Structure formats: C-alpha cells, structure tokens
Amino acid sequence: MTTPLLELKDVAVRFGTQEVLRGVSLAIEPGQTVAFIGESGCGKTCLLKLIVGLLKPTEGDVLFEGKSLRAMGERDLTAMRLRVGFLFQGAALFDSLTVFDNVAFGLKAKGGLAAAAIRERVTERLREVGLPEGVEAKMPGELSGGMKKRVGLARALALDPAVMLYDEPTTGLDPVMTDVINGLILQTRAKRPVTSVIVTHEMRTVRDVADRVVMFHPLARLEPDEPQVVFDGSPAALAAAPDPRVRQFVEGRAVRTE
Amino acid sequence: MAAAPAAPIGLASVAADALVALGDWTAFSLRAVRGVFSRNLLVAEFVRLCLTVGLGSVGVIAITGAFIGMVLAVQSYGQLHQIGLETSLGGLIHMSVVRELGPVLAAIMLAGRVGSAMAAELGTMRVTEQLDALACLGVDPVRHLVAPRFLACVLMIPLLTILADIMGLAGSTFVCLRIYGIDPHHYWEHTRAFVGMWDVFVGLTKSVLFGGVIALVACHRGFHGEAGAQGVGRAATQAFVVSFIAILAMDFVFGLVANSVHDMIWPPNGARPA
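Order-wise, the sequence lines are chains A and B.
In terms of this note's numbering, the first sequence opens at residue 1 and continues consecutively.
In terms of this note's numbering, the second sequence opens at residue 1001 and continues consecutively.
Bear in mind the hints are in silico, worked out from the structure with no lab data behind them.
Beta-carbon label-pair distances, calculated as ranges: (1) A:141 - B:1193: 53 to 61 Å; (2) A:145 - B:1011: 43 to 51 Å; (3) B:1011 - A:141: 41 to 49 Å; (4) B:1252 - A:19: 40 to 48 Å; (5) A:218 - B:1043: 43 to 51 Å.
None of these values were measured; they are calculated from a predicted model.
Yeah, the Cβ is synthetic: ideal placement off N, Cα and C, and Gly gets one too.
Given only the sequences and the hints, what does the whole structure look like? Please build it.
Next comes the structure, spelled out in structure tokens:
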C-alpha cells in the first residue's frame, strides 16, 4: 500500500467556541484531482489552510507524504510549502509589486536561480496562463478579476509544485472566464504530474475537472454524532447520490418551508 | 449569592488574556528582531520604509517641536518673571525638551502617523490573504515585513527626536529672547549649567526603545486584526492607543531607572557632569 500524498487524520478545528471542522479524515493519492464542495461556512477553505500548515488543527493531525506537520520544524514546513502551489480566492497578489515581481517572488526568495532564468520562467508561466505580453509591468490594481486569478495561478505554478490548491478559483467570474479557468486547471494537470485540491461551489467545475468529490456539511446543522463528510466519490456518483442534502446542493435548490 | 464569585473570575480571565497577549507579542517581537539579522532583509524595502518613517515625519515633528518650545516658554515665563528668575527659563525648558518632551512627542507623532498606517497596511494584507501567500511562497511574513519596519523605526526615531529637540529649543529661545527680551548671556549660561550630555543620552536612548515598541505593537496589531474593513480600522486605532500607553508607561519606568543609574555613577553629593 502506497502512502497517500496528503492525509487528514480525525481533524477538528475550533475558533474560540465556534466549531468549524470535526472528526474529518481524508487521504488524497498522488495525481488525484479532488473537489471539496459544500455550503459556505462548512470549513472548506479551512481544509486547504490545514493542508499547507497555515492553520493548525485543534485536534488530530495533517500528514504530507506520511510526515506529520506537527513534527515539522520551520525549515521542513517551508520546504513542504514550496512544493505546494496555492491559488487564493482573491488571488492575494502583493499589491506593492508588479505582475512580474509577483510571479518571480517565490523563485527569488528560494534563491539559486540566475536573473535570466527567473525571467524566462516567469515569461513562460504567464504565457501558459494565457496572459498577453506587456502585462509583466502592470500593477495588480490595474488588472481585472480574471486576470488577477491568472497571475495568481502563474505565481503558484512558478515553483513547479507537486500539489495545487485552488480556493474557489471561479467565484466571482463570468461564465466564459469560469470556463477559461477550468480549462487552465485541466491544462495544468495535463502538463505536469500534479495533485489538485479544488474548493468550489461551482458544479460545472466539479463535472469538468474533478475525478473525486468530497462534500462537507456545516456543523451547525448536524447532530453531534453525524459525520461531516456527507459524500465522497466520483462526480458521476454524485449526480445519483440518494442523500437529500447532496441532491439539494447539486441541483441548487433552497429548502422552502410552506 | 451565586453571582458573587463572577467578578474575580472575570478579572482573572481578563488578566489571563492579557498575559497570553503579552506572551504572544513577545514571541512575535523576538521573531521580528531575529529577522533583522537575516541575510534576506530587503535593502530596497528598508530604504523605502526609512524614507516614509523618517523623511515623511520631518514636517509634522518640526512643527510640533517648535510649538511645544514656544508654549513652554509662554507658560513658564509668567511664573518665573514674578520671582525674578526668568533667566533660568533656558535651563528649565531645554532640560524638559531634551529629556522628556522631545523623545515623547516624536514617539507619539510617529505612533500616530506611522504606527497606525503600518497596522492598517499589514491588516489589509492579512484580510486579502497576502500574508498567507507569503508563507506559501516559503517566506516568513514576520521576518519579511516586520523586521525592516522595526529597523526603520529604531534607526529613524533618534534622528526625529534630535529634530524635535532642536526645534523645541529654537521655539523657546525665540519666545524668550525675542518676545520677552531675556538677557541671552544668562539664558545660555543657565542652559549650559542644567543640560548635559547625560540628558541628551537619556532622551535618545528612550526614543530608540519607543521606536522599537511602536513598530512591534503596530505590526502585531496588523497581523492579528479581525476580518473585514472594520477589523483593519480597529487594528489601526488599537496600534495607536496601545503604543501611546506603552510610551508613557515606559517613559515613567525609564525615568526612574535613568535616575538610579545616574546616582550610581555620579552620587548625588558629587559634581554633576556637564
């Protein structure tokens, strides 16, 4: 049996008295593209931050290649993070830096690359995400939402990550741009052996790119002994899931009380 | 009856929270100070910050310093003139400016102008996940962002204090000599007799402490603010209020310590160094 690339073991997260995650256990194999779905506030973004060590679980453990994040020192944690690319919801571009410096940031911080090599890599990544030439000198404030997402993706891909984490990559974008970003996620996966975790509300993204779907339910509406993961399977099985909570989400229906 | 123990428990939990916050701030500060010695300190960013902190504050500190000198002269003249001691105004005002008002005013202006702006800037970076993005790209946000801000404040504040001192002296001298016509010879003689290098040293040393605390409090508030625009605003306000109280409390403690050290080096019955 191979070690999963990412593993969550009985993870719980609490902020003060607010419980966000409880008893979540998941294993993600190398090369998988997993979509985390669920209503707002069910802790999906929290899960991404747990995976990359930005958030520490209140209980339980997170493992990267079988190694516990709790046992990692600062240096190991940094080395692990350099192997993970994170596309943030609002792209989180550094607004005091140009597009070029944003994409080059990780490469410069890591060191060991000549200026020419960095330039070449940045140009290549910007082309890969379909940004026109001349965008390098722009400041993030001058870009549209879709372009920011693309720069964010180029920045995350600059270090050739083994794992890509996408936090709501298509939220707030028009349907055409949603399709473009979905295409980029597929293209990213086709070009390199990358494991992807996508947090999304968009059923279209799930159908187009994921080969496994995990659905979470907000703890506030669960009984104390009910599991938080209400579905774990393929996108095809999701459509046929008998659980009313899953069907309601997939079909996008609100519960109306007469 | 049941409600009676609530007050001590409430108080204890407030005290416990305060201790936890202080411990958190100390750990944060140690990490930032360690970052000053890291070879990854960004020179260009540091220079930009020095210009913002230092050059950007020159105008406001010069004006505040000059007015404080003038106000002190106007306030003290009436009283000293009645007992014929107006020539000692030089010593009196210059001593207060160099030891107390220069460093404290420069620090308060810096906390208001630079500290709250730093908290708002870093708070916004936190809200827009830029701090998380830094960590994901293998860079410690505390070392990367706080260390240069700390260093810029610590290095710039003594220069700003010297400016506040000079403007305070200029303001009081203008009022005393030009407006009240005090004899310049006696005015300067008293200054020379009262104000020594020790006073300048005490003033500048505490200004360095103030500068460091302003930067560390402001950055800590920015890093640990609450979500949303309101959270950023609150972080900026808290940065100013907390640094303001810290400056005054430290000024008091530092004054006591400085006096004891002075008495240890030069016992009170001995001659005072000029």
